[in-house]
Amino acid sequence: MTRNRTARSTALSVGLVVGSLILGGCAGAGGSTDGDANGDVTLTLATVNNPQMKDMEELKGTFEKENPGIKVNFIQMEENDLRDAVTKDVATKGGQYDVVTVGAYEVPIWAQNGWLTDLTDTTSSDAEYDVDDLFPPVRAGLTVDDKLYALPFYGESSMLMYNKDMFAAAGLEMPNNPTWDQVADFAKKLKTDDVAGICLRGKPGWGELFAPLTTVVQTFGGNWYDEDWNATVNAPEFVDAVTFYTDLVKAAGEPDPVSSGFTECLNALSQGKAAMWYDATSAAGSIEDPNASTVAGKVGYVHAPVKETTESGWLWSWNLAIPETSKHRDAAETFVKWATSKKYEQLVGTELGWSRVPPGARTSTYEIPEYVDAAKAFAPITKEIMEAVDPNQPGVDPQPYTGVQFVTIPEFQDLGNTISQDLADVFAGRSDVKTVLDKGQKLAQTAGDAQK
Amino acid sequence: MTTIIEPVEAIADVEGDVPPERLARPATRKGIGVSRALLWPALATSLVLTQIPFLVTIYYSLQEWNLLKPGDQHFAWFQNYVTVFSNGSFVSSLVATVLITGSAVILSTLFGLLLAVLLDRRFRGRALARTLLITPFLIMPAAAALIWKWSMFEATSGMVNWLIGLVGIPPVAWNTDAPVVTVIGVLTWQYTPFFMLILLAGLQSQSRDVLEASSVDGAGPARQFALITLPHLRQYIEIAVLLGSIQLVQVFDPVAIMTRGSGGTKTLSYLLYERAFVGLEVGEAAAYGVVTVIVTIVIATVALRTLFKIFTEGTR
Chain Z
1 MTRNRTARST ALSVGLVVGS LILGGCAGAG GSTDGDANGD VTLTLATVNN PQMKDMEELK
61 GTFEKENPGI KVNFIQMEEN DLRDAVTKDV ATKGGQYDVV TVGAYEVPIW AQNGWLTDLT
121 DTTSSDAEYD VDDLFPPVRA GLTVDDKLYA LPFYGESSML MYNKDMFAAA GLEMPNNPTW
181 DQVADFAKKL KTDDVAGICL RGKPGWGELF APLTTVVQTF GGNWYDEDWN ATVNAPEFVD
241 AVTFYTDLVK AAGEPDPVSS GFTECLNALS QGKAAMWYDA TSAAGSIEDP NASTVAGKVG
301 YVHAPVKETT ESGWLWSWNL AIPETSKHRD AAETFVKWAT SKKYEQLVGT ELGWSRVPPG
361 ARTSTYEIPE YVDAAKAFAP ITKEIMEAVD PNQPGVDPQP YTGVQFVTIP EFQDLGNTIS
421 QDLADVFAGR SDVKTVLDKG QKLAQTAGDA QK
Chain E
1 MTTIIEPVEA IADVEGDVPP ERLARPATRK GIGVSRALLW PALATSLVLT QIPFLVTIYY
61 SLQEWNLLKP GDQHFAWFQN YVTVFSNGSF VSSLVATVLI TGSAVILSTL FGLLLAVLLD
121 RRFRGRALAR TLLITPFLIM PAAAALIWKW SMFEATSGMV NWLIGLVGIP PVAWNTDAPV
181 VTVIGVLTWQ YTPFFMLILL AGLQSQSRDV LEASSVDGAG PARQFALITL PHLRQYIEIA
241 VLLGSIQLVQ VFDPVAIMTR GSGGTKTLSY LLYERAFVGL EVGEAAAYGV VTVIVTIVIA
301 TVALRTLFKI FTEGTR
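Heads up: the protein sequence lines correspond to chains Z and E, in order.
Here the numbering used here is used: the first residue of the first sequence is 1, the next is one more, and so on.
Here the numbering used here is used: the first residue of the second sequence is 1, the next is one more, and so on.
To be clear, the hints were calculated from the coordinates, so they are not data collected in a lab.
It should be emphasised that the depicted structure is a prediction, and the values quoted were computed from it without experimental measurement.
Quick reminder that beta carbons are idealized off the backbone N, C-alpha and C, glycines included.
Treat the hints loosely; a few may be bogus.
To be verified - Pairs of lysine to any residue residues, derived as SDA-like cross-links and limited to a Cα-Cα distance of at most 25 Å, are as follows:
id, chain 1, residue 1, chain 2, residue 2
1, E, Lys69, E, Tyr59
2, Z, Lys54, Z, Glu208
3, Z, Lys88, E, Lys69
4, Z, Lys188, E, Val172
5, Z, Lys452, E, Ala76
Unchecked claim - Calculated from the model, a selection of chain E residues having no Cβ within reach of chain Z, i.e. all distances over 12 Å:
id, residue
6, Ile32
7, His74
8, Leu114
9, Val117
10, Arg121
11, Phe123
12, Phe137
13, Ser205
14, Ser207
15, Ser214
16, Pro221
17, Arg223
18, Ile257
Just chain Z, same shape as in the assembly (with noise of 0.2 Å):
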């Protein structure tokens, strides 16, 4: 009897285990539809939940005045969220959404998939749009073959940040255009038992830990693949800025670097527990709001630190895209427009403050004296920045992609998510860097030879 009823509870209990990992596997997002009941069209926007979406919802109501006819419905979702239902909804021509949040690293590869609408006729045409006025690094980096599949909603480089009360106090001065020398004499110099030196992130993930990092490997020297699509990774340029990016954690950094990310090091250094971050110019506005920093208007803004290049800040932007699946293809190129415009701009500052105006996107944003007053801390340095990246060129040597702290190919995620969960045996003293690099370089040249 006792027998019998095991085998049945176990052949029971597989069959849960059976259906909900086949369940989890196979979750979809709900459906959408438009509502067409009186020539009124829906555009359903998929996007990313940060600050500035949520002004931009907002703030919709502005533009269905504008034109009648339409209606918008945000779908928020968190980033890494986001771009799994959306990869999901496009690859499979789903055909849910109108309109897409796309992060700089996706618009190539989508655009060369054809799945995004080119918008080059329609912004180009458009004397008000002022297509020029984008940031050209950002504008480069969603162009494929002279046509533009995506508008700039906001673009981030990134930049060192400092504690300007502790640089005083240890009788330390940060110059504008610091080395990583500099920077790693400094964070020794700084680091005590409650402060890091220097907060760096260490979390395992292509956008977190390989985003800083992949600027380091660049201006020492190194890069992912060569000009011939052979990869790099092993080469002594990556393996030596491998080491000092983890040496300099280990020795001065934060004292936990696998749990610490972009949100940890920022609440790192807006509470006065770290003396340096390295990260996202976006990180600024956060820092400067009294509401949730300790160290507002204490914080000094300088150029990312270099070693061999003159330059080394990323390039990021999340922007505005119609998958060709779009229905309303004409609706929503007129919302993309009117999202990305200077008018837009304005409209956040009046409505809502002008420290609320998306950064990074135009030359012009830095034009408007109100902005530039509100976000004085910050701002300038972002302009010089966003200007001097090069995303065709960032390192040393010529490279067959554009981008930055990313390789704009597919395969990219799943080898920096890798490697940097291995580098996490690294902090731990766990595993060598040459040891990771070495298993590294084999998984991306599989990716390299699939571009050859």
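Following the hints, complete the assembly by docking chain E onto the known chain Z.
Frame of chain Z; chain E shown alone:
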């Protein structure tokens, strides 16, 4: 020993041992047929919900399909299975899953038993204590992982480091230096109440007469616990371990939030997620899914049988 009441067994034995006339009313042949027929809709629904997706998964596992390379999709025979077994991440994931699930189940059982024994006593505020102790199980896994990440395991201001600092142990960078321990810690914290509840139910169903009789016969608390209470709890432990393992084997949230699959914490469910949503390899992810199901069936059958045999032999 024969006087011990085993409730589950007692119910199961009704059909066989009770004289037929007492069963006569509901259990005619026709009655059984009707009640079995009533089960069919539920059975059919669960078959449709679990088995059809499984067949689809098998179909996808034979496809070469990367979401970002729509032009390359084609039938690939068993290429994905070759990848699964040749690149080594499957075995290490399996080891990680067994280690993490196994440790968490064992620890949760021990702590759950301890708490259940304590809660079985009468004391002021018992209801309150019970409610508080159940709370961890009611918190969403992702929220639990975030709480532990930010307020417990945080390297400079976390409570765990503060606590071990009191006895002079230097602070530990938990997610960097001991990722497996952090994941097991969160899981144990979260699932102990589940084990506790089941074991407490077992303790409360225990006949006081038997305990009284044994103490009259001169058994101390320790012998009472080992020779009477534990055998009585056997079935409750079995069911708790079974249900707990099923839930814990799917661990995802603490891994995704705290360690990101680094340092030996890449469990099978996290590996599957990575293949599907980071690698965007639909075919490969499906192959991992199929292999995972097969391996889970094998391990579950063998491990659970052995486990139950040990328990069974220990008492009969």
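Now the hints, each set against the structure:
1. Simply put, E/Lys69 and E/Tyr59 have alpha-carbon atoms about 19 Å apart, close enough for the 25 Å limit, and the pair holds.
2. Note on Z/Lys54 and Z/Glu208: the hinted pairing holds, with a Cα-Cα distance of about 23 Å set against a maximum of 25 Å.
3. Between Z/Lys88 and E/Lys69, the direct Cα distance comes to roughly 12 Å. Compliance with the 25 Å bound is thereby established for this hinted pair.
4. As the CA atoms of Z/Lys188 and E/Val172 are separated by approximately 20 Å, the hinted pair is consistent with the 25 Å bound.
5. As the CA atoms of Z/Lys452 and E/Ala76 are separated by approximately 22 Å, the hinted pair is consistent with the 25 Å bound.
6. Interface exclusion of E/Ile32 from chain Z stands, the closest Cβ pair being 18 Å apart, more than 12 Å.
7. Every CB of chain Z is more than 12 Å from the CB of E/His74 (nearest about 15 Å), matching its label as outside the interface.
8. For E/Leu114, the condition that its CB be more than 12 Å from all CB atoms of chain Z holds, with the nearest at approximately 26 Å.
9. A cut-off of 12 Å between C-beta atoms confirms that E/Val117 is not in contact with chain Z; the least separation is 25 Å.
10. In this structure E/Arg121 is separated from chain Z by more than 12 Å, as the shortest Cβ-Cβ distance comes to about 31 Å.
11. In this structure E/Phe123 is separated from chain Z by more than 12 Å, as the shortest Cβ-Cβ distance comes to about 35 Å.
12. Taking the minimum C-beta to C-beta distance to chain Z, about 18 Å, the non-interface status of E/Phe137 holds against the 12 Å cut.
13. Residue placement check: E/Ser205 keeps its beta carbon more than 12 Å from all beta carbons of chain Z (closest about 18 Å).
14. The Cβ of E/Ser207 sits about 20 Å from the closest Cβ of chain Z, beyond the 12 Å cut-off, so the non-interface label holds.
15. Even its closest Cβ contact with chain Z, about 24 Å, leaves E/Ser214 beyond 12 Å, as expected for a residue assigned away from the interface.
16. The claim that E/Pro221 is not at the interface with chain Z holds, since no C-beta of that chain comes within 12 Å of its own (minimum 29 Å).
17. Against chain Z, the non-interface label of E/Arg223 holds: every CB pair exceeds 12 Å, the least being about 25 Å.
18. Chain Z draws E/Ile257 into its interface by the beta-carbon criterion, the shortest separation being 10 Å against a cut-off of 12 Å.
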